[in-house]
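Novice: Residue-level listing of the chains:
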Amino acid sequence: MSKKVAFLQGNEAAAHGALYAGCKFFAGYPITPSTEVAEVMSAELPKVGGKFIQMEDEIGAMAALLGGALAGQKALTSTSGPGLSLKQELIGYGCIAEIPCVVYNVMRGGPSTGMPTGPSQSDVMCARWGTHGDHATIALMPASVQETYDMMVRAFNLAEKYRMPVHVLPDEIVAHMRERIEFREPGELEVIDRAAPSVPPAEYKPYDTKFGDVPPLAAFGSGYKFHVTGLNKLPDGFPTTKAEYVQAEEERQIRKVMANVDEIVDFEEFKLEDAEVVVVAYGSTSRSARYAVNAAREQGIKAGMFRIKTFWPFPDKQIKALAAKVKGFIVPEMNLGMCSLEIERCAQGKAQILGINRVDGEPINPDQIVEKIKEVK
Amino acid sequence: MAFDYEKYIRPGKLPHIWCPGCGHGIVMKGLIRAMDTLNLKKEETAIVSGIGCASRLPGYIDCCTLHTAHGRAAAFATGVKLAKPEMNVILVGGDGDGTAIGGNHFIHACRRNINMTYIIMNNYIYGMTGGQFSPATPTGHKASTTPYGNPDPNFDIAKLAIGAGASFVARGTAYHANQIDKLIAEAIQHKGFSVVEILDDCPTTYGRRNKYKSVVEMMNRLKDVAVPVKAAEKMTAEQLEGKILTGVLHKVERPEYCEEYAKVIERAGGNK
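First to last, the protein sequences are chains C and Y.
Each residue of the first sequence is one higher than the one before, counting from 15 in the numbering used here.
Each residue of the second sequence is one higher than the one before, counting from 104 in the numbering used here.
Derived from the structure by calculation, the hints contain no laboratory data.
It is possible that part of the hints are untrue.
Said to hold, decoys possible - Result set (SDA-like, lysine to any residue): computed pairs, CA atoms no more than 20 Å apart in a straight line: (1) Y:K144 with C:Y238; (2) Y:K116 with C:L245; (3) C:K61 with Y:C361.
Please read these numbers as outputs of a predicted model, since none were measured by experiment.
Just chain C, with the same shape it has in the complex:
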């Protein structure tokens, strides 16, 4: 049987990827340039008995999302910069209460309203640090329509496995460009469901570390009664201010991600074997970077690309290893140097770092990158 193929934009592919992953609940609020996700979900979810709700605001959408997720559903919201700012309050709630869900955020310009229809990559730090308090973050960066579909499945898997909100951060170019896409057959991609409690209701504690760093989450209405709060809590879910519990819980919630960084961090290495100059790129910018690397090689420069697919946790280990052997990094990004900061942190002065930074709503083109590659000494 031949595969179902379609000519879709990134946002539409994201919705279909979510459906493949078993998403049955969507709560959102209209915002350019992500609204197509909501439109597709509003049409497709009821066909599979799922629920779509358009809430009164972005915060309400995040709240309903967490409510639906606690009631046992795989839950998705979509938004863009200003909406991500508003959602931060309850992304933090999802982190501390450990509620799996996926936040798909299309990056447009900013701060504030910025350029609603322009591309940007300036939400990477907002996704990482936007909510207050210490917490771990997982954020994925698709570079094509097919990859957006596939990454949505992975985002749900990571959310369910690590019991936390997971970000998918396409830039507006990836979100709105159209490409051929193959729908995945059932079983073709792994689909992970959250661990169900193995103990009877009377013994259940929602944060019982006896079961490891990611304790099983029961669903409301499944026979299990338990308490959920945004306060620092004990293993039974009730609030505490006891220092030893608070410290241990906060550390566990970060450890559950950071101890699994090798599994979570995904990346692509392109012509890196002998590379002296490495372009570190993500999202649509990596498409220009790939072209630029080939063009530079035609001019005799040993260039390569490290493509970030998991922005958070940041690929520290890989960048550190590259810094020890290459002359320099070129970091093209549609912001004023957010990824560059991370590269600087990892490279620790061992390699030259040259940024290419555009926030004018125009993509970074290959020629710009080739010129910058030539500047590496």
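Starting from the known structure of chain C, fit chain Y onto it as the hints suggest.
Specialist: Frame of chain C; chain Y shown alone:
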């Protein structure tokens, strides 16, 4: 035989955090009696709150309980209810939580007419943060942030709920303790979004700033201002001056959100 509250109370979670003289405990007892009257199954009941003194209530009740962020109870609860319409979903919280920071979620929950019951304990003040004025603080009254008297007009929460589309709206008081469970039970039985405003007292942060000498005086004020809707029908406008109507203020049949969404699924072919 005395009513057994303990069957709905979580073992080991009392004493509660509320101050002596606070009416929240009276409301909690009313809720428990209502749940018992309706024989609500604990594992099929979600109690959802925001932030504040009243919002600590869910922690004491042995159900699926969700203590959310400030003002967000109605939005979280909407997600729970839509995902699992078979659950009983009850919201509890205070006046500031529900009508200021949560005001938008509140009016839209009323508009959707989603089958949940929202119990708002209106003590006219932000109690947990130490007595700042809320949207329910009467004009001219003192709060920690209105030392010269409150310049803001206040909401009539029940009227707000009716205006926004709630299909059942009732009001009681912490003084009229025996009425609370009946109002809550009727609200839960009503199909649609039901709001029960309970006029409450905060002797600690509101009473002492507004010249109430004792909790008894605050309770007596609730007794004096409350007029049952039936009794009000026979009273003149002059007699009703300064009074507050209690009982079931509004009850209409309107399409319920989850049932309407079930029709969406039907139209989309999702029941196949």
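Novice: Would the pair K61 of chain C and C361 of chain Y pass a check requiring their Cα atoms to be no farther apart than 20 Å?
Specialist: holds (16 Å)
Novice: Just to be careful, I want the Cα atoms of K116 of chain Y and L245 of chain C compared with a cutoff of 20 Å; is the pair within it?
Specialist: Holds, at roughly 16 Å.
Novice: Is the straight-line distance between the alpha-carbon of K144 of chain Y and that of Y238 of chain C 20 Å or less?
Specialist: OK: K144 of chain Y and Y238 of chain C at ~12 Å, within 20 Å.
Against the hints set out earlier in the document, no violation occurs for any number.
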